[in-house]
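**Q** Chains as they are written, first to last, in our numbering: chain E, 3 to 227; chain C, 899 to 1688.
Hints were generated in silico from the structure; no laboratory data involved.
Incorrect hints may have been included.
[To be verified] Taking lysine to aspartate or glutamate and the DMTMM-like style, the derived pairs with C-alpha atoms no more than 20 Å apart in a straight line are:
id: 1; chain 1: C; residue 1: Lys917; chain 2: E; residue 2: Glu135
id: 2; chain 1: C; residue 1: Lys917; chain 2: E; residue 2: Asp131
id: 3; chain 1: C; residue 1: Lys917; chain 2: E; residue 2: Glu137
id: 4; chain 1: C; residue 1: Lys1491; chain 2: C; residue 2: Asp952
Chain residues, written in single-letter form:
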Amino acid sequence: MPYAFYFDSSSCSGCKACQVACKDKHNLPLGVLWRRVYEVAGGEWQPQGEAWLSMVFAYNLSIACNHCEKPICVEVCPTTAMHQRPDGIVLVDADKCVGCKYCAWACPYGAPQFDEAAGRMTKCTFCADNLAEGEPPSCVAACPMRALDFGERADLETRHGPLKPVYPLPEAALTRPSLALTPHREATRAAAESAAIGNWEEVRPTSHRPISSRNSDKVNKKNSP
Amino acid sequence: MTLFSRRKTPPAPPSPIAKIRVGCPAHNCGGRCLLIAHIQDGRIIRLDTDDRPDRLEAPQLRACPRGRAYLRRQYHPDRLLHPLKRTGKRGDGRFERISWDEALDTLAAQLTRVKETYGNSALFVPYGTGSYNNLNGSHTARRLLNLFGGCLGIYNSYSWGAINIATPTVFGTLQTGNQRQDWLNSKYILMWGWNPAEMRDGTNSDYFVKLARQNGARVVCIDPRHSLSTVALADEWIPIRPGTDAALMTAMAYVMVTEGLYDAEFVRTHCVGFDAAQMPPGCEQAESYRDYLLGVRDGTPKTPAWAEPLTAIPTATIARLAREYATLKPGVLYQGYGMQRRAYGEQVVRAGCVLAALTGNVGIPGGWASGLALQAPDGGPFWTVFPTGQNPVKVQIPVFLWTEAILRGHQMTQADGILGAERLDNDIKLIYAVATNCLVNQHADVNRSAEILRDESKVEFLAVQDNFITPTARFADLVLPACTQFETWGLEDGWKYGDEVILQPKLVEPPGECKSDYRICAEVAERLGIGAAYTEGRDERGWVEWCLDRYRETRFPGLPALEEFVASNVGVYANPVTQPAVAFVDFRRDPEKHPLATPSGKIEIFSQKLYEMGKPTEIPAIPKYIPEWENPFTTETQSTQRKDSKTPCAPRLRGEKEYPLQAIGHHTLARVHSTHANNDWLQEAFPQRVFINPLDAAARGIADGDTVRVFNDRGALILPCRVTPRILPGVVDIPQGAWWQPAEDGSDLGGNINVLTSHRWTPLAFASAQQMMMVQVMRYKGKQVDRETG
Chain E
3 MPYAFYFDSS
13 SCSGCKACQV
23 ACKDKHNLPL
33 GVLWRRVYEV
43 AGGEWQPQGE
53 AWLSMVFAYN
63 LSIACNHCEK
73 PICVEVCPTT
83 AMHQRPDGIV
93 LVDADKCVGC
103 KYCAWACPYG
113 APQFDEAAGR
123 MTKCTFCADN
133 LAEGEPPSCV
143 AACPMRALDF
153 GERADLETRH
163 GPLKPVYPLP
173 EAALTRPSLA
183 LTPHREATRA
193 AAESAAIGNW
203 EEVRPTSHRP
213 ISSRNSDKVN
223 KKNSP
Chain C
899 MTLFSRRKTP
909 PAPPSPIAKI
919 RVGCPAHNCG
929 GRCLLIAHIQ
939 DGRIIRLDTD
949 DRPDRLEAPQ
959 LRACPRGRAY
969 LRRQYHPDRL
979 LHPLKRTGKR
989 GDGRFERISW
999 DEALDTLAAQ
1009 LTRVKETYGN
1019 SALFVPYGTG
1029 SYNNLNGSHT
1039 ARRLLNLFGG
1049 CLGIYNSYSW
1059 GAINIATPTV
1069 FGTLQTGNQR
1079 QDWLNSKYIL
1089 MWGWNPAEMR
1099 DGTNSDYFVK
1109 LARQNGARVV
1119 CIDPRHSLST
1129 VALADEWIPI
1139 RPGTDAALMT
1149 AMAYVMVTEG
1159 LYDAEFVRTH
1169 CVGFDAAQMP
1179 PGCEQAESYR
1189 DYLLGVRDGT
1199 PKTPAWAEPL
1209 TAIPTATIAR
1219 LAREYATLKP
1229 GVLYQGYGMQ
1239 RRAYGEQVVR
1249 AGCVLAALTG
1259 NVGIPGGWAS
1269 GLALQAPDGG
1279 PFWTVFPTGQ
1289 NPVKVQIPVF
1299 LWTEAILRGH
1309 QMTQADGILG
1319 AERLDNDIKL
1329 IYAVATNCLV
1339 NQHADVNRSA
1349 EILRDESKVE
1359 FLAVQDNFIT
1369 PTARFADLVL
1379 PACTQFETWG
1389 LEDGWKYGDE
1399 VILQPKLVEP
1409 PGECKSDYRI
1419 CAEVAERLGI
1429 GAAYTEGRDE
1439 RGWVEWCLDR
1449 YRETRFPGLP
1459 ALEEFVASNV
1469 GVYANPVTQP
1479 AVAFVDFRRD
1489 PEKHPLATPS
1499 GKIEIFSQKL
1509 YEMGKPTEIP
1519 AIPKYIPEWE
1529 NPFTTETQST
1539 QRKDSKTPCA
1549 PRLRGEKEYP
1559 LQAIGHHTLA
1569 RVHSTHANND
1579 WLQEAFPQRV
1589 FINPLDAAAR
1599 GIADGDTVRV
1609 FNDRGALILP
1619 CRVTPRILPG
1629 VVDIPQGAWW
1639 QPAEDGSDLG
1649 GNINVLTSHR
1659 WTPLAFASAQ
1669 QMMMVQVMRY
1679 KGKQVDRETG
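Only chain E is shown next, with the shape it has when bound in the complex (with noise of 0.2 Å):
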């Protein structure tokens, strides 16, 4: 029964309420975001006659971590400090880990996050202690759009179907993640005409390697339909 979230990025305004309420349940320090919004932006301006034509689009994805089928996190952890538990849930033991941050290097998400004073790697938890107590996740529990929501893996993806590609997200087989998303309408749009992460100052933390670098933009586009 590994445990998924859901994202609905058609209605997501981008207010980072999730972000900050991990925050606060986590008390993380600045530089450290378990949970992301990524602005993804494009889209040209034509003059016409006396006025402005708009094909400026742009979505927002919500990004905490996937606790991946294939957790390559887990795999390239030289400690064991990187570990699965049954029920999917991806946590990193703050006790073995040396902060070689080869987990952040090998993730493409960028979820493992480095914690600087600490000298080692944190992320997200799922809030296990929540589910523990039958309570969501601080992040779902939090979205004013009622954006996001966890279940069961099979259950999340029989309501809404195998993840979709949407820029700049990574080819889903490379680490298999617990992600069912809703994609916003223009995502289309950025899978075929120029699209950048619009935000990168606020979702790139002090000391990890960011979603994915402009170059492996091209890349992921290549996989999207």
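Based on these hints, arrange chain C on the given structure of chain E.
**A** Quick look at chain C alone, frame taken from chain E:
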């Protein structure tokens, strides 16, 4: 100890954690939400949000990121802990600690001195919404001064200046909105300059629009900026040049009228002033709305082609928009407030209301009358019911004109918006500023306001009561440390919308020597000999009980007693909305039997009252597009207003003008106006930037992330930019509310847009026009600047 052995000795068993449901601290944030505070050892360690069942008729009040990041404000290292008095020159920000006795004695003595020297109308409590529940905020000081013989009165607001005054000229009331669940009956929602995802406008307003859209409504956003609301809610974004919304509305009306799409029957039975046959008695010769649209008198038909060069919206789009709104019924035209904080803000309000009337969307489920739209059936939340009492001083100034009342108060007359007297008899000599940053940071033209306040011969004494040394507090002679709303009792109802009462029990003790706004005022009252009158024997909790009684007598008959409310730990009492009320249903059904409170009893497309003011160029009797006094067009634009011109002359943008870019300042989720400006989690989420279109950036050699200088004749900002396609070319956006941080040369390093705004007010409402300004942006080539964060 080896490298891997980081285990500490087992800690002592943790203290128990109490979970208390509490209203999110009330600011002027647009929402009123519920939090669950986790309290351990006298400290709040975590905040969750509403966990009640989430139902359409009484939805959860989920807090936005500002509520969720509240502990960064609550436990900020810069919290004021002690009373302070000024040591340097006023505005230098140098203070020394004093005792409460000295502080309160000083304030009481200054109040007495100024009252005796100049009279009560020289005392002033400014507009302040920095703390905004029943027991916390500027209204506590207003009660104090009212009992002390009164103070200079204020009317109207910074937020809703023009819309407050213009809405009743059409409808005779501000209560023009339905309960929001009714949006689920709409087929079309025009979010016109309206951005509930960021400025909230009632907790859940964005969520209700989402539900309406799921129910089949088409949603269109009209905004210069591709806002967070646009991303989440809109089927289409129509970028518009700021300050030209009335032109778009006028052209839409032209299309509806010339194509016969308007609701002619409704206009005939429920409106006045539409055409020559419908003019009020005595105004038969005046220009009707139809005449204006068709250009009968000015020779300029207000066609979509006329509006295109003004609005930057293609002609075909304007025509399509008009047809959509006129035919996809019922529909909502929701007016945001930013576009009425501009030169002729009254016009855009009136024009929107008239469009709602032309389409017959007034008084029907799924429709919307536009205007301010306080909710039916009872006007909605009160914000506060705390009794400020009667002000014995009857004279009032428009709230935005307080600097005028300092500089030339005794010369101000009704021509300056003075109410309650022929003229003002005083200049402002003492300011007691509670929970407000309006004196410097949030008022227009920061450098001007600062200059006025620095002159100690004008305002002779300035006391500021707040949680931090804000830019306003820097100018204080006396600083009084207020506690936060978690540290005292409070009570909230909704912000504009909502059917809830939310309890704010005291959760933790205030730090240092902080006291509640109410307590401070009570202790000043004691020194002025009016202590018993002020408190009536109640403490903060006692007043919460008193306020609960008022809510119980009015909108919430089932409200429990305080004891029970506290013991249940539910935090919120809601009236479920199962049958959402619709404004103007009675008037719709029978306009003769249920007339409006307008002079004609009908919807006044033409206002005789405005006509009789005799200022048709700035206060026309029918809503018109009037070019702003700071605009991006060349002077040729003005020729479109020429009476002899038969063909509209397309305006040309100022290419060579000194300040060619329009600037706007949206409400960011990083702050509530200027509250939370020092909250590091919110700065991390939404760093302060000037947003600029790639075309404008490229023309200036500016790259994303560059530090830039944004300036006009009033001042300059130095801050990083974000190059983004999500804003109309020719427009830059600087989220309002950042704290002013003047450098030695006077440039602001904090990114406060009010350094650039103008204090000139709107003609009818005497209201803020702070959204209108022209600027230039250049890459900053000066030395590296350090700005404060956190």
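**Q** State for each hint whether it applies.
**A** Hints and how they fare:
1. Among the hinted pairs, lysine 917 of chain C with glutamate 135 of chain E is consistent with the structure: their alpha-carbon atoms are about 14 Å apart, no more than 20 Å.
2. The straight-line distance between the Cα atoms of lysine 917 of chain C and aspartate 131 of chain E is roughly 16 Å, inside the 20 Å bound, and the hint therefore holds.
3. Under the criterion of a C-alpha separation no larger than 20 Å, the hint pairing lysine 917 of chain C with glutamate 137 of chain E is consistent with the structure, at around 14 Å.
4. A threshold of 20 Å between alpha carbons decides the hint, and for lysine 1491 of chain C with aspartate 952 of chain C the separation of about 40 Å lies outside it, so the pair is violated.
Going through the hint list in order, the structure does not satisfy hint 4, though it satisfies all others.
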